[in-house]
Amino acid sequence: MVMWAGRESAVAEMNGGFEDPSAEVLTEAAAAFGLLASSARLHMMWALSQGECDVTHLADRVGGALPAVSQHLAKLKLAGLVRSRREGRRQVYYVDDPDIVTVVRVMVGQLTARSHQGSAPVRRLRRIGG
Numbered sequence: 217m218v219m220w221a222g223r224e225s226a227v228a229e230m231n232g233g234f235e236d237p238s239a240e241v242l243t244e245a246a247a248a249f250g251l252l253a254s255s256a257r258l259h260m261m262w263a264l265s266q267g268e269c270d271v272t273h274l275a276d277r278v279g280g281a282l283p284a285v286s287q288h289l290a291k292l293k294l295a296g297l298v299r300s301r302r303e304g305r306r307q308v309y310y311v312d313d314p315d316i317v318t319v320v321r322v323m324v325g326q327l328t329a330r331s332h333q334g335s336a337p338v339r340r341l342r343r344i345g346g
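Okay, so the sequence shown: first residue is 217 according to the working numbering, each after it adds one.
It is worth saying that the hints were derived from the structure and are not from the lab. Glycine is no exception: its CB is placed at the ideal position from the N, C-alpha and C atoms. Warning: the hint list may mix true and false statements.
[To be verified] Listed next, with one range per pair, are the computed distances between beta-carbon atoms:
| no. | residue 1 | residue 2 | range |
| --- | --- | --- | --- |
| 1 | 302 | 246 | 28 to 38 Å |
| 2 | 247 | 286 | 17 to 27 Å |
| 3 | 234 | 328 | 19 to 29 Å |
Using the sequences and the accompanying hints, generate a full structural model.
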């Protein structure tokens, strides 16, 4: 068993001090990234990371049809990324996972900065992704 602990330590050292996450964690992360792989859902998460919003205003902001936005929100809600509450006749949505807000802001912020510099990685990502 000491040999195994030494191996784990060596692997962590090779990986910059970080141990590999468990398969369960990687599966959960892949599911979250899968949900954010839709540009429409990513735009909604970006908008909701700026503050809560009802479906009508969110649809206007992201330029989506109301039924499509509602379906996307239902998926995000099922995954636990957003929540909603009723305010009179309106259903108001907000981000339920602050870590997702961080991920979205970092990714969008980095790609925005790169696009302003005309960076090749942004163009490569577009070609690879679709």
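Next on the checklist: Under the constraints set out in the numbered hints, which ones does this structure not fulfil?
Outcome noted: Checked against the structure, no hint fails, so every one of them is satisfied.
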